[in-house]
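Assemble the whole structure, with the sequences as input and the hints as a guide.
Residue numbers (the numbering used here), protein chains in the order written: chain C, 993 to 1257; chain V, 103 to 373; chain D, 928 to 1183.
Think of the hints as simulated: they come from the structure by calculation, not from any bench.
Certain hints may be false.
Claimed, not checked - Examples of chain V residues toward chain C, derived with CB under 10 angstroms:
hint, residue
1, Ala124
2, Glu146
3, Ile216
4, Val219
5, Ile222
6, Ala226
7, Val228
8, Ala243
9, Leu304
10, Thr305
11, Gly313
12, Ile322
13, Gly326
14, Ile327
15, Gly347
16, Leu349
Computed from a predicted model, the values in this text were never measured in an experiment.
Glycine included, C-beta positions come from ideal geometry on N, C-alpha and C.
Spelled out, the chains give:
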Amino acid sequence: MRGTRTTVFRITVLAVLVLVWEAATWLAGSAFFPPPSTIVTRMHAMWFSGPFATLFLTDAAIGDILPSLGRMALGFAGGALAGVVLGLALGLSSRVYDYLDGVLQFLRAIPPPALVTVFLVVFGFGLRMQLAFIMFSIVWPVLLNTADGARSVEPLHLQTSQVFRLSRGERLRRVVLPSALPKMFAGLRLALSLSLIVMVFSELLPGTTNGIGFQLTSAYATFDLPAMWAGIVLLGVLGYLLNEVFLVVERRVLAWHHAAQQVVI
Amino acid sequence: MSAETLAPLRPVSPATRWSRRAAGALAFAALIELVSRTGLADREFLPPATEIVWRAVILVTDADFRTHALTSLLAWAIGLAVAALIAVPLGLLLGSVPLIDAATRSVVEFLRPIPSVALIPLVALVIGTGLQHRVALVVYASLWPILYNTMYGLRGVDPVAKESLRSYGFGPLAVLLRVSLPSAAPFIATGVRLAAGVALILTVSTEIVAGRGEGIGVFIFFAGIAVPARMDAILAGVFWVGLFGVLVNALLVAAERRAFRWHHAQRGEAG
Amino acid sequence: MLEIDNLSHVYGGGTPNAHHAIEGLNLSVAAGELLCIVGPSGCGKSTLLRSIAGLIRPTGGQVRIEGQVVRQTPDNLAVVFQDYSRSLFPWMSVEDNVALPLRRRNLDKRQRQEAAKEALESVGLAGAARKYPFQLSGGMQQRVAIARALAYRPTLMLMDEPFGSVDAQTREDLEDLVLQVRGHHQMTIVLITHDIDESVYVGDRVVVLSKAPAHVVGDLKVHLPGPRDQISTREHPDFVHLRAEVGRLVRGHATV
Ligand SMILES: Nc1ncnc2c1ncn2[C@@H]1O[C@H](COP(=O)(O)OP(=O)(O)O)[C@@H](O)[C@H]1O
Ligand SMILES: [Mg+2]
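Below, the structure is given as structure tokens:
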């Protein structure tokens, strides 16, 4: 009951604010701040007025949005997988962890954009460079969080698996991995928003030929502000949706964790 | 795993841990050196570690590079400070007045998922590509971690402490400043530490995309588009940025530990 | 079955805060025996149990099970840990927790489930199979830990203060469960407790440990008539006499 009431309240407030924004932009008449209605009309015309056969996506949408999402998905998947595997391996030995900790903290602290020229020089421009760049950017938070999780296995759980003589593989799969999951997911969530950022960043660079970031730069070059705002709003919506999907997955996978925590606290 | 490793973790002394980290870093550098010198990786792509470090040292004596670095540092510091000055009071407000929180929640949830780098071209059009450009983007991106952590910290404030102060006749503002703010402080500090990393990312990305003026990102960008690319200069720049990031993070972690010992002690007991 | 020879253990040896937990402890347990070990809290009981289970390597002496020196955890040994709630895996249902150790037993999935069900029934938790540990009370969690050990069918079962934090009624039920289990299965049980009454009620034999560093200060056979019963056994004169004797041994060495 309360839930629906607050939702209605929030939507009402949002609607009022959008109306205020609309009125203000009309009154101000600034070229930099087009009214929301203009932005939405533009988004529709640019991307969502296509034929039914392509689910109403226009050629521009297929040419810009899909490549961006594809690169991001591949980069995220590759970086996340590498981070999880390496993180688990690293978490199993506290000695190896101690040796690599400093180097890894350093690699994580490097702001990914600073490395983009390295990837440009090595791979030249193109898909390979973008994928490598996204993967390299997100692998460290996943790796370090996973390793941290794998290290924080309850000692009694390890002793229990030793007493019942579980094999190495079973220990890893049924004890270490589940224990690492909560922290691993925290790392993956960071990686998800980071992969959106570095994806857009890589597309803002000269030499790009498609993608949402490219669309932003070409709007910048032609001083097409409604198109630019349309790109920003689209990215905001994508960011929101990706995060929601992630939360749904996390809630399913970590149901035991959340439930157990609620009881304890 | 032997029985040995499963015995309760023998605590390793900090000295041992630091020497292991140093050994690890040296081994990492040696690996780069080896891979580069043996030609396993193209030397143009990966110069030997000694060359990178040497270049990094030389750069410090280079007045141009120092200007680049100081410009970035300035944008980073101003942006982070402004973000904190906005986000902490805002977080306190939203965290303690539920009505305002509910009213603005939808706006916050709408703005936060926008990847901040997407705003780089727009902000460049509106305010130009000088220092103000970088500061604006750093502020925008660093707001969120501080805002969210402040609000989160307020949620955990002990209601008994608030009640008891109120029963002595203190007003809501006094309660906020005397109870809520101190007990949310560790969370705010965490938010600032996270924001410091985000701010560094935005400083560098804005500089690279703008591609002109001063800044460490500009320096790295030009080293990259030079023909032939000056990989040692790029990596030397990256080395300093990374080192700065690690040091700031370590410093803030240490400061948190010192300032909020009570907080960590409490958590340790509960966990 | 189990022999402990001149066992010693020092925590943090070589450091200024070295702690001698066990020193010169000798003990032997016959097959099928139910031995209770009593001692003041902090004297080194859990340390002794960990040495038997091969979870720590004692700094002196040795433990032998069926003639074999224990270096790693031996086969067919189960432990019910003192901190039971943390020894269950929170991400597994109760049934999966109980069935997990059976993976080493050459059973297929159905057989494992059957065995888990049977063990849960024997501790009175048949209905909780699909629940998760956090949904159960402390006493129920402890029974799950016991069911897990039972399903494993060990030849040696080590129990570390297994009834430490359950209410009185459940405690009596669980004590009777242990008595009943050892009647059905051919099993040697070593049960650690700090409760003197419990040790006399459950044990065939009670061993009393000194305060740290632990060594054996008393070793008493318990001869009580008939099947034990919570009411009548506890008022039996032999019971009253034994518990007084154990009490004196514990106290004598706890206050010295
Ligand atoms: N891993 C350890 N490191 C150092 N000291 C320990 C460790 N485990 C236990 N001790 C110490 O050894 C003594 C005996 O512990 P324990 O065997 O758990 O006692 P009990 O089970 O009889 O209560 C205690 O004083 C405890 O503080
Ligand atoms: Mg104990």
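If any of the earlier hints don't hold here, list their numbers in rising order. Violated: none.
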